[in-house]
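Asks: Here are the chains, one letter per residue:
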Amino acid sequence: MLKRTPLYETHKLLGGRMVEFAGWEMPVQYSSPVAEHMAVRQAAGLFDVSHMGEFEVRGAGALDLLQLVTTNDVSKLADNQAQYSALTDTNGGVIDDLLVYRINSRYFLLVVNAGNIDKDFAWIEDQSRDYDVELHNTSHGYALLALQGPRAEEILQGLTDHMLDRIPYYWSQRVMVDGCDCRVSRTGYTGEDGFEIFCAPADSRHLWNRLLVTGHELGLIPCGLAARNTLRLEAGYRLWGHDMDETTTPLEAGLGWIVKLGKGEFVGKKALEKQKHEGLTRKLAGFVVEDRAPVRDGYPVVIAEREVGCVSSGSPAPFLKKNIGMAYLPVECAKPGFQFFVVVRGRQVPARVVEMPFYKRGRSFD
Amino acid sequence: MITEKQKMANTPEDLSYTKDHEWVRVKGDLATVGITDHAQKQLGDVVYVELPKVGDRFETTEPFGSVESVKAVSEIYMPVTSSVVEVNESLNDSPEQVNEDPYGDGWMVVVRMENPAQVDGLLSAAEYEDYIKEEASE
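So the protein lines, in turn, are chains A and B. Just so you know, we're using the working numbering here: the first sequence kicks off at 1 and counts up by one. Just so you know, we're using the working numbering here: the second sequence kicks off at 1001 and counts up by one.
Be aware that one or more of the hints could be misleading.
Output of the computed footprint for chain A on chain B, the stretches with three or more beta carbons under 8 Å from beta carbons of chain A [to be verified]:
1) 1028 to 1036
2) 1045 to 1053
Computed spacing ranges between beta-carbons, pair by pair [unchecked claim]:
3) B:D1101 to A:H206: 33 to 43 Å
4) B:L1030 to A:G241: 45 to 55 Å
5) A:G362 to B:D1101: 30 to 40 Å
6) B:E1089 to A:M1: 45 to 55 Å
7) B:E1129 to A:V331: 47 to 57 Å
8) B:V1026 to A:E290: 37 to 47 Å
Since the hints were made in silico from the structure, they are not lab data. Heads up, the beta-carbon is just placed ideally off N, CA and C, and yes, glycines get one too.
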């Protein structure tokens, strides 16, 4: 039995096409993936991401436990600040990527991938035995809406007295939005400015509808998982289960900036230190396909007549109007300008490594 | 907030159809083949169409190319055993024609049928419409 978010019926009413995703029944699109993608780049889009998992970590040992299980330095966070991080196992493999929110010094909120909720919770619980913490899987206690795009602030500001321009990137605030108690976080997975809004499940339908009505004139439309995926790929964001998992380390995934080897002990530190010291053998690279044919997840990658792996994420990029992707390549090949081939239905099409992100707000690569 | 639900698909009376959502327009032993309005709506924005070469021969139901939207690749299947005599090259530059005009500018290939009687085994417009209704209710 697939799980449903509190907005399931709302999606059906809006004509959302529902598909299975990570055990959930989610809207893949409402109008069209391209129209939704472009709305987020040029105006705004609203996503239901209530399937994401939330854990609360409370108590005197909360900071120490999170320093142990995540790779980034949680001690750097101030109240209401957020941080992108990873859970790694003893081999340095990525169990999941996540956001760590510090609410206060004894209370943190973790946001994890929907498909990893049970695995992550069991892992953290297992690591927490010697720590003075209370762990709660509060995934059912939150609905999560992502309002993304250049008009996001203007739209949300219409529903709250809190001055949203005072919430910087990767900070959050507890804010009343149209009479509902929310936590508003300036974060997202699209490469645009925008917010992720945590609210009570019972308030989610009201907020969803109010946002769509308020934002309609500014170009806001509801967006599904298809647009979410192409937006994150253009922005160069890795997707767990595709671009990284337990068999890859954050260093190989190009996420060295969230691995703080100097912060003290954490799970996976020894393996990651060793890998950094010895040097990587492969690295995740972004590439552009130099052919009309799009490449997809799993298509073989060929270098010098030899198959060396496969595409981890690949898709047409609706805003850039190019076919792009990511793949693990031998480290000496994972450099901008390197040319290789991807096999598309038996035909080798040329591809070229480029710097990620493919798309950055206000500019894009050539 | 009103979002347009899927409009009723358009199914011209004078064409024949397959359960794989191709249409066939017959003229003598030649047949023009494309994908249906229903199929293009299901796919969404078409960004790439891969077609065979003139002279290629295909058996009934053999894949002869593919249509890609942003989110997926779908194979297209030959409705009747035949050889390709013409390919719609304009889809290289304008794949969106498949969405905009699936029974006109969005045509894919013209083939010479080996046995034109095979067309009798395809679905009529009414049968195809019943079939997509059935598919939707499953």
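Asks: Each hint needs a verdict: does it hold in this structure or not?
Replies: Status of the hints after comparison with the structure:
Check result for the segment 1028 to 1036 of chain B against chain A: violated, 0 residues qualifying (beta carbon to beta carbon below 8 Å, three or more required). Only when three residues or more bring their CB closer than 8 Å to a CB of chain A does the claim for the segment 1045 to 1053 of chain B stand; here the count is 4, and the claim holds. D1101 of chain B and H206 of chain A have their C-beta atoms about 42 Å apart, which keeps the hinted 33 to 43 Å range intact. Our hint of 45 to 55 Å for L1030 of chain B and G241 of chain A holds, since their Cβ atoms are close to 48 Å apart.
For the hinted restraint 30 to 40 Å between G362 of chain A and D1101 of chain B, the CB-CB distance of approximately 37 Å keeps it satisfied. For the hinted restraint 45 to 55 Å between E1089 of chain B and M1 of chain A, the CB-CB distance of approximately 49 Å keeps it satisfied. Taken as a hint, the range 47 to 57 Å holds for the pair E1129 of chain B and V331 of chain A, whose Cβ atoms sit roughly 56 Å apart. The supplied range of 37 to 47 Å is met by V1026 of chain B and E290 of chain A, whose beta-carbon atoms lie about 40 Å from each other.
When the structure is compared with the earlier hints, a violation turns up for hint 1 alone.
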